[in-house]
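Read off the chains here:
There are 2 protein chains.
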Amino acid sequence: MPALSPYKADLDYSYAPGLFPSMECLQHRPEQVRRVLLHSSAAGREGADRLCALAERLHVRVEEADRALSRISGKENCFAAAVFAKYEDALLPGQPHVLLHEPGDSGNVGTILRTALGLGIGDVALIRPCVDLFDPRTVRASMGSLFQLRVHVYDRIDDYLEAFPEQRLFPFMLDASVPLSRALEQRPASAWTLVFGNEGRGLPPRFATLGQPVRIPSNDRVDSLNLAVAAAIGIYAFTQEGLPNL
Amino acid sequence: MPALSPYKADLDYSYAPGLFPSMECLQHRPEQVRRVLLHSSAAGREGADRLCALAERLHVRVEEADRALSRISGKENCFAAAVFAKYEDALLPGQPHVLLHEPGDSGNVGTILRTALGLGIGDVALIRPCVDLFDPRTVRASMGSLFQLRVHVYDRIDDYLEAFPEQRLFPFMLDASVPLSRALEQRPASAWTLVFGNEGRGLPPRFATLGQPVRIPSNDRVDSLNLAVAAAIGIYAFTQEGLPNL
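Taken in order, these protein sequences are the chains called W and E.
Sequential numbering from 19 applies to the first sequence in the working numbering.
Sequential numbering from 19 applies to the second sequence in the working numbering.
Identical copies look the same in the list; a pair holds intra-copy or inter-copy alike.
Straight-line alpha carbon distances no greater than 25 Å define the calculated SDA-like cross-link-like pairs of lysine to any residue that follow:
| # | residue 1 | residue 2 |
| --- | --- | --- |
| 1 | K26 | E94 |
| 2 | K93 | S124 |
| 3 | K93 | R63 |
| 4 | K104 | F38 |
| 5 | K93 | G218 |
| 6 | K104 | D241 |
| 7 | K93 | G125 |
| 8 | K26 | K93 |
| 9 | K93 | G220 |
| 10 | K104 | Q45 |
| 11 | K93 | D153 |
| 12 | K93 | P147 |
| 13 | K93 | D150 |
| 14 | K93 | E120 |
| 15 | K104 | C148 |
| 16 | K104 | R239 |
| 17 | K26 | D150 |
| 18 | K26 | N95 |
| 19 | K93 | R79 |
| 20 | K93 | P24 |
Quick caveat, the hints were computed from the structure, so don't treat them as lab data.
Sequences and hints are given; from them, build the entire structure.
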């Protein structure tokens with residue numbers, strides 16, 4: 019492995035910055051981890067001790083690397099980073115999916131990954147052009163939750179549709195849509211996919227023909243909801259047993 | 019008015035960066051606007067034309083200020099900013115409130131303001147120490163929605179409690195909490211307050227005694243949900259007529 023570079027999309031490895039995301043990486047993707055970087059001031063912190071103990075058990079090298087950490091994270095107070103080889107997952111068919119079409123903000127994507135995992139969704143699809151899944155900013159915003167999820171990035175929406183013909187799609191958009199509570203009535207047992215568009219552009223009109231379009235009832239005093247907020251509301255509504263009509 | 023400075027909390031004015039937030043400021047707080055800054059490359063954009071037309075109608079001066087805009091926003095592509103005098107609002111009693119206790123991230127606060135407005139909540143309380151409501155980053159993250167809301171910043175939670183003794187509080191926390199769907203059963207007609215803690219620390223234990231603690235059912239695979247996500251789910255559940263037990 020060459021000297022560590024600041025992250026670039028064409029590297030075959032990336033960084034999970036922070037103690038918590040590093041721990042998630044070691045726990046859930048141990049075979050991908052190449053080494054762990056630790057800041058000299060992290061010693062004695064509870065999270066740092068647990069991280070080092072796990073790395074030792076996994077025979078992963080831990081090295082003190084203050085300057086590499088600030089270079090990688092762009093922050094002064096980054097205590098650790100797991101260096102991991104990129105990997106590819108396949109999604110499980112017949113399970114609840116979240117699909118993000120051309121998302122442009124790494125913070126939004128990371129936050130949505132964290133929400134999906136926390137509310138019990140295990141499979142997430144991204145459609146290009148989109149943010150880099152393994153960009154350390156995405157990893158950090160996800161708090162490392164991407165390491166517990168199956169995530170796959172597709173070049174085109176049609177690739178996803180061909181791979182999962184049985185999924186019932188629920189595109190979140192205004193055209194021809196029904197309110198979220200009505201869409202729940204059409205939710206199949208588990209083979210459903212919540213589809214969210216780009217932050218600025220939303221979904222192309224064609225998506226209205228790919229499934230049951232859904233909207234989150236809101237007033238006209240805001241232009242739209244934040245993408246991670248809309249996804250959170252959609253995921254919450256679709257995963258809560260207590261909601262009506264389920 | 020002196021030459022425009024980069025934003026500092028102790029200034030008595032601030033900036034609404036971006037065409038959309040500037041428009042919101044002029045539409046909803048016209049009496050606060052001191053002038054509008056426009057980038058030379060904004061001419062001809064639809065939003066810029068509408069902004070200038072409204073400024074003219076309100077007799078607000080518009081000036082080309084490319085360098086001031088990049089200094090103020092820290093971005094190269096900021097097309098406009100409304101310069102506005104800070105102001106104070108009082109909250110309406112007996113209405114749904116959102117209360118943020120010591121929030122530390124301006125992006126989260128802005129996003130929550132936007133969610134609250136979009137889902138029909140008009141009153142938001144912040145408890146210090148917290149992010150600066152008028153920091154341009156908060157204004158930008160809110161997409162200018164703060165100009166349509168009543169927002170008040172309190173020094174202490176007790177100041178809020180004394181001002182609104184009739185509100186029923188729903189603190190989002192784990193201690194002694196009930197799931198969100200059960201909390202809805204206790205929701206009064208309109209005098210309710212959803213309470214969210216700091217991103218890292220959550221709410222102090224005392225809050226469990228101030229109302230009905232609520233939790234969003236989630237699994238133990240994530241440490242917690244993002245603050246703006248948790249607030250979105252709480253606000254959605256409390257404001258949707260279609261939910262059970264309402």
